[in-house]
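Enquirer: Chain by chain, the residues:
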Amino acid sequence: EAQVTQNPRYLITVTGKKLTVTCSQNMNHEYMSWYRQDPGLGLRQIYYSMNVEVTDKGDVPEGYKVSRKEKRNFPLILESPSPNQTSLYFCASSFLLGGTEAFFGQGTRLTVV
Amino acid sequence: GESVGLHLPTLSVQEGDNSIINCAYSNSASDYFIWYKQESGKGPQFIIDIRSNMDKRQGQRVTVLLNKTVKHLSLQIAATQPGDSAVYFCAENRDTGFQKLVFGTGTRLLVSP
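First to last, the protein sequences are chains A and B. According to this note's numbering, the residues represented by the first sequence are 1 to 113, in order. According to this note's numbering, the residues represented by the second sequence are 1 to 113, in order.
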């Protein structure tokens, strides 16, 4: 089954404690991205990757890092989480060419206290 | 509950009615548009897409209309069912070369039995 898998689904952490949210896709997609979803603001892109070892900032990259060492995996790293990073996070993947559907993971609800 | 819904416009319909959800997009150069459905606790799911060289596309119980003159997109759901209750997002692809999806803030559809 074609899918994007995120882990964990729920996470509560404390300010400053480094965390990683994993994302994996099994569709051989070149393009992967991370979004955060907040009330009234919709989905905003954090980082994206067009292929292995190729990553770039999206619209709200501050406080986040990513890596793309393998085509299927695209982890999101919060080196020093802060309460304003409390949000619902989604990983998505698609083919690189514009004009194709993006597939989303189930989401990770992160709370930073 | 899902935090995405707190500040969303809401459309309330009766089961069996037809629903029309509207979306205004901002970039006249956008060439590809998608409608997503997001149920509580899940990631966005693809419903239907349309390219800028078309003004209408039909799926199963859904129709997307594109008016490029006024930069307006609509999703029509025929014979709306309680299972259609969700948040609906439109997305536009702003780059003709590769993926650059930008999402609207969404509309909550509530279907009463």
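What the hints contain is simulated information worked out from the structure, not anything from laboratory work. Be careful, since some hints might not be right.
[As the list claims (entries may be wrong)] One-sided and incomplete, this derived list gives chain B residues near chain A with beta-carbon spacing under 8 Å:
#	residue
1	Ile21
2	Asn22
3	Tyr25
4	Asn27
5	Gly43
6	Pro44
7	Phe46
8	Asp49
9	Ile50
10	Lys56
11	Arg57
12	Ser85
13	Phe89
14	Phe98
15	Phe103
All C-beta atoms, glycine included, are put in the ideal place defined by N, C-alpha and C.
Enquirer: Next item in the hint list is Ser85 of chain B. Is there a CB on chain A closer than 8 Å to its CB?
Expert: Ser85 of chain B check fails; min Cβ-Cβ to chain A is 18 Å, beyond 8 Å.
Enquirer: Would the stated hint for Phe46 of chain B survive a check requiring a Cβ distance to chain A of less than 8 Å?
Expert: holds (5 Å)
Enquirer: Under 8 Å is the threshold here; is the Cβ of Ile21 of chain B close enough to any Cβ of chain A for the hint to stand?
Expert: violated (14 Å)
Enquirer: At a threshold of 8 Å, is the proposed contact between Asn22 of chain B and chain A supported by beta-carbon distances?
Expert: violated (15 Å)
Enquirer: Identify whether the interface hint at Phe98 of chain B stands, where standing means a beta carbon of chain A within less than 8 Å of its own.
Expert: Holds. Min distance 5 Å.
Enquirer: Should the interface hint for Phe89 of chain B be scored as holding, given a Cβ-Cβ cut-off of 8 Å against chain A?
Expert: Holds, because the Cβ-Cβ distance from Phe89 of chain B to chain A comes to roughly 7 Å (cut-off 8 Å).
Enquirer: Should the hint that Ile50 of chain B touches chain A count as held when the rule is a Cβ pair under 8 Å?
Expert: With a minimum Cβ separation of about 10 Å from chain A (threshold 8 Å), the hint on Ile50 of chain B is violated.
Enquirer: Measuring from the C-beta of Tyr25 of chain B to each C-beta in chain A, is the shortest one below 8 Å?
Expert: violated (13 Å)
Enquirer: For the hint on Pro44 of chain B, just tell me whether its beta-carbon gets within less than 8 Å of chain A.
Expert: holds (5 Å)
Enquirer: Next item in the hint list is Phe103 of chain B. Is there a CB on chain A closer than 8 Å to its CB?
Expert: holds (4 Å)
Enquirer: Taking the closest Cβ pair, is Gly43 of chain B under 8 Å from chain A?
Expert: holds (4 Å)
Enquirer: Going by Cβ atoms only, is Asp49 of chain B closer than 8 Å to chain A?
Expert: holds (6 Å)
Of the numbered hints stated above, those contradicted by the structure are hints 1, 2, 3, 4, 9, 10, 11, 12, listed in ascending order.
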